[in-house]
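In order, the protein sequences belong to chains A and B. Take our numbering: the last position of the first sequence gets the number 218, and nothing is skipped along the way. Take our numbering: the last position of the second sequence gets the number 856, and nothing is skipped along the way.
Heads up, a few of these hints could be off.
[To be verified] Computed list of lysine-lysine pairs in DSSO-like fashion (alpha-carbon distance at most 30 Å, straight line):
id, chain 1, residue 1, chain 2, residue 2
1, A, 185, B, 676
2, B, 694, B, 790
3, A, 63, A, 158
4, B, 752, A, 135
5, A, 51, A, 159
6, A, 135, B, 700
7, B, 707, A, 135
8, B, 752, B, 713
9, A, 55, B, 783
10, B, 783, A, 84
11, B, 694, A, 84
12, A, 51, B, 752
13, B, 752, B, 783
[Stated by the list, open to error] Coverage of chain A stretches by chain B, computed from C-beta distances (three or more under 8 Å per stretch; other residues unrestricted):
id, segment
14, 51 to 65
15, 135 to 143
16, 205 to 211
[Claimed, not checked] To be clear about the criterion: a stretch of chain B counts as covered by chain A if any three or more of its residues have a C-beta under 8 Å from a C-beta of chain A, and this derived list gives those stretches:
id, segment
17, 674 to 684
18, 720 to 728
19, 786 to 795
20, 799 to 805
No lab work stands behind these hints: they were computed from the structure. Beta carbons: idealized from backbone N, C-alpha and C, even for Gly.
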Amino acid sequence: MGAKFKISFDADKSIRKIQSEYIKKAPDVIRDAMIQSMERGESPVKNGEWKTPYSLSYQATINGMVSFRYIGGKIVPLPYPDSIFGFGKKTTPVNLKLSGQLYSDLEIVPRGNSMRVQFKKTSEWLANIHNNLGVRTGKNFMGPLVKRRILPTNDDEDFNSSIQSKMDNLLRSIVKTFIK
Amino acid sequence: MAISKIQRTEIDLSDYLDDVPDRARNQALKSIGNQMMDSIKDYLVDGKSPIDGKSFQKLSKDYAENKKGGDTTPNLYLSGNLWGNLDFEIDDNVLIIGVDSEDEWKADGHNKLSSKANDMIPQRRFIADADENETYKDLNNIIKDTIPLYEDKVQSTLEEIFQVMEEKKERISISDIKNLKVVQRIKPSSKSVTLGGIQRQDIEDILKGF
Chain A
39 MGAKFKISFD
49 ADKSIRKIQS
59 EYIKKAPDVI
69 RDAMIQSMER
79 GESPVKNGEW
89 KTPYSLSYQA
99 TINGMVSFRY
109 IGGKIVPLPY
119 PDSIFGFGKK
129 TTPVNLKLSG
139 QLYSDLEIVP
149 RGNSMRVQFK
159 KTSEWLANIH
169 NNLGVRTGKN
179 FMGPLVKRRI
189 LPTNDDEDFN
199 SSIQSKMDNL
209 LRSIVKTFIK
Chain B
647 MAISKIQRTE
657 IDLSDYLDDV
667 PDRARNQALK
677 SIGNQMMDSI
687 KDYLVDGKSP
697 IDGKSFQKLS
707 KDYAENKKGG
717 DTTPNLYLSG
727 NLWGNLDFEI
737 DDNVLIIGVD
747 SEDEWKADGH
757 NKLSSKANDM
767 IPQRRFIADA
777 DENETYKDLN
787 NIIKDTIPLY
797 EDKVQSTLEE
807 IFQVMEEKKE
817 RISISDIKNL
827 KVVQRIKPSS
837 KSVTLGGIQR
847 QDIEDILKGF
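The following block holds chain A by itself, in its conformation from the complex (with noise of 0.2 Å):
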C-alpha cells in the first residue's frame, strides 16, 4: 500500500456509511448519466452497438414533414398534417426520443447493498427491442435488424466510460465529505 498518511477512522463503519450514501445518490446519477449518453446519440454500453443514424425516411417522419400509411398492400408516404408527429423534433443524433416516454421509464431502484436499472412496465418491451432483438431498417424494412445497446446486460458488457466515471467521482466525493 501506498499510503503517505494514516487516516484514523473505523474502517468497517466508514465503509458502511459510504455505502449507504452511495446507495442513496448513486440512482439519480446513473440514471442522469444513462440519458445524457442517450440524447447524445451514444450507448450506455462500453462499445455498444448504436451510432448508426436513422433513415432520412424516418428522419423526415419524425420532424413531421412526412408519414407513411400501409394502404393498399403498399408503404404509401404522407405529407404533413397527416404525420401522427410533430415539427420541431432533433432527428440527430439518433436519442431514442420520440415521446420521451423510454426516458421517463428508465428508473434504478436500490436493492439492498445494490441498484437495480430497470424499465418499467409501458417501456420495458420497447428497451428489449432496442437492447436485445433490434429494429428492422431499409426500405420496406428489408434491411439489416439495428440494435441500440440501453443497459450493459452481458456478462461482458460494462458502462460507458462516461458513465464510469460519474460513478467514480460520486463515490470520491462522498469520501471526501466524509474525510472532512
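For this one, chain A is given, so just place chain B on it according to the hints.
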C-alpha cells in the same frame, strides 16, 4: 485512433495537479477528459459552440430537408463519424482533445471556414485553438470540480477502504440478469479500472455491508 495534429487542443494541467498524487493523476485526467467529451457533445446537440456557448448559424432549410429530415439544428452530425472520432488522449499531464486524423478535413472545414470566405459553409468552431488563447466554456469548472476528488487525502482513504475490502475477501456475483434482459443488477465499475495502482474490485464489493 490518433488525434489529428492540426485539429486538437492541448491543455497542460500540471499547475492543477500539485495536490494529486502521481498514482492518481492519470485517472484524474481521464475523468476530466470524459467530462469534456460530455460537455462538447452536449453543446453540439443543441447546435451551440462548446467554446463560447453561442448558437451556431442554423442549417439552411434546403439542406435540412435534403439531409436531416427537416431538422435545422447545426449539430455537426450527419453520419455520426465526426462525433465518433471526437476523442481525447493523455500525454503526461497534458489533456489532448481533438478528432481522429481521418476526419481532420471535416473538422477543419467547420472550424476554419468562415461565412465571410464562403457563404455556403458558415464557421462552426468546436475545437478550441490554444495558440489563440481559446478554451472551452466548461473547462475551468470541470477542472475545479474534479481535481479535489483526486487529492491525496481522498485517494489514500479510498485505498484504505479497498485494502479493508481485500482483507475481508468479500465478493458477490457480478450480475443478476433477469429474463427480459432489460433488468440488471448494476455492476457499477469495471474490474479493470484502477485507483492508485490498486486493482479495483466492483464498487459493489466496496459498498457491500458486513
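Structure-based check of all given hints:
no.	hint	in the structure
1	A/185 to B/676	28 Å, holds
2	B/694 to B/790	23 Å, holds
3	A/63 to A/158	20 Å, holds
4	B/752 to A/135	27 Å, holds
5	A/51 to A/159	38 Å, violated
6	A/135 to B/700	25 Å, holds
7	B/707 to A/135	23 Å, holds
8	B/752 to B/713	16 Å, holds
9	A/55 to B/783	36 Å, violated
10	B/783 to A/84	27 Å, holds
11	B/694 to A/84	26 Å, holds
12	A/51 to B/752	54 Å, violated
13	B/752 to B/783	22 Å, holds
14	51 to 65	holds (count 8)
15	135 to 143	violated (count 0)
16	205 to 211	holds (count 6)
17	674 to 684	holds (count 6)
18	720 to 728	holds (count 5)
19	786 to 795	holds (count 3)
20	799 to 805	holds (count 6)
In summary, the structure is inconsistent with hints 5, 9, 12, 15 from the numbered list given earlier, while agreeing with the others.
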